[in-house]
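Protein chains: 2
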Amino acid sequence: MAAEEFDPGAVRAVAFDIFGTTVDWRTGVAEQVAHLARRRGVELDGAAFADEWRGMYLPSMGRVNGGEREWAYLDVLHRESLDELLERHGVAAAFDDGARGELVRAWHRLPAWDDAAAGLARLSGRYVVAALSNGGFALLTRLVKAAGLPFDCILSAELAQRYKPDPAPYLTAARLLDVAPGELLMVACHGWDLAGARGAGLRTAFVDRPLEKGPAGGADRAADVPADVAAADFADLADRLGCP
Amino acid sequence: MAAEEFDPGAVRAVAFDIFGTTVDWRTGVAEQVAHLARRRGVELDGAAFADEWRGMYLPSMGRVNGGEREWAYLDVLHRESLDELLERHGVAAAFDDGARGELVRAWHRLPAWDDAAAGLARLSGRYVVAALSNGGFALLTRLVKAAGLPFDCILSAELAQRYKPDPAPYLTAARLLDVAPGELLMVACHGWDLAGARGAGLRTAFVDRPLEKGPAGGADRAADVPADVAAADFADLADRLGCP
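Protein chains in written order, with my numbering: chain C, 1 to 244; chain G, 1001 to 1244.
Some clues are possibly wrong.
[What the hints assert, rightly or not] Here are some chain C residues the structure puts well away from chain G; computed CB gaps all over 10 Å:
#1 GLU70
#2 GLY136
#3 ALA138
[What the hints assert, rightly or not] In silico SDA-like links for lysine to any residue, alpha-carbon gap of 20 Å or less:
#4 G:LYS1145 to C:ARG126
#5 G:LYS1145 to C:LYS213
#6 C:LYS213 to C:ALA34
Calculated directly from the structure, the hints in this document are not laboratory data.
Note that the Cβ used here is the ideal one computed from N, Cα and C, for glycine as well.
With the rest of the complex left out, here is chain C (with noise of 0.2 Å):
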């Protein structure tokens, strides 16, 4: 779908969103949530939650992009989210301050897909695989580690102090992995994401992750995310790109 034809053999690093395209947020989240209220002696719907809370964040990045407010860490754009959340669903008084660190934190640790970690380790063994992420550094550093995935260095947006799809997260990327825009090669699970990376100069790769949203759907799908290629999960990604 690309303009240009897309050569595998022209890829020398290919960087991964994290949040839904290696790791599962939603389960992840939805489940410290539902234990977290728990011990402080409220029910709530962690899925309905986590869908909620995600829902703020690419509002809330914008907001940095579009210059309305200075660089602030994904852990501060949860953390006001979280507290316009809890006033919403009438459990203010049950977090303190405490408690809404803890669940903050809940995005620090979440599982990852399935075919990550051995998709990964495929891939590694032909390019440089770098995590590129909107979560700062030190989160997806500490993420990806408990997650035990064989990433070679992790970039984040806050290296270039922009969130993606800004076009400066990509292109910092490309300049610490000492390689041409468009020789880097994004791979996601969202349109937006592809979108800005293309729109950087970079290569794009579509992967599949129809349960990202819940089993409700809602996740972007391969037939309307223009890509230059697209793969059901890491492994047949690592098929197309040729990776034994």
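Using the hints, position chain G against chain C.
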């Protein structure tokens, strides 16, 4: 030897110097220099050449940290030193631009010390383990990958645009890892690196690499380097930090 008592339990992340501390730059560069010289029909003593080249390293970085020149990537400094060295050895004519680029890239692929990978794996079980070198981000990512070293993330002086022992790279590392300077332990076989780390508020671990500068000696030794911990190698360091 430190003013405050050292508590390994207060350490949250461990940063490792790379050239000399984790990889044997002298053996790696000497072999590649001798090999590339032979291919150009020139005889060079690879080890002596590597020593001279490395000897120009600290002064060249000092000119960046001292404000005499703008930030320059380690590859650029290596290339400038190389140009001077080839003239000095009367072999400048034998090395065109491409051959000089190959020589500079000798620093991108170096053998790890025998204890490094296993020691890192043990330390990684308890701590976040990071590479923190004056080498560029891309250089380090590729070097660490080729040597099979299980770091959780790559950090580089490049991210601070200042070289160690300036405080900036140490403080940038702590900030990106989201730990206080006093929660970050710097591991190196060089007194100058640990002095810089201590000055920035980090804790310090000396690792003995008696062969770093070759069999004739010249490497820093534990008795001469103030540090919170002194270890014979990465296995001994893991023992001293209580890592199973």
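Results of checking the hints against the structure:
| no. | hint | verdict |
| --- | --- | --- |
| 1 | GLU70 | holds (16 Å) |
| 2 | GLY136 | violated (7 Å) |
| 3 | ALA138 | violated (3 Å) |
| 4 | G:LYS1145 to C:ARG126 | holds (11 Å) |
| 5 | G:LYS1145 to C:LYS213 | violated (34 Å) |
| 6 | C:LYS213 to C:ALA34 | holds (17 Å) |
The earlier numbered hints that this structure contradicts are 2, 3 and 5.
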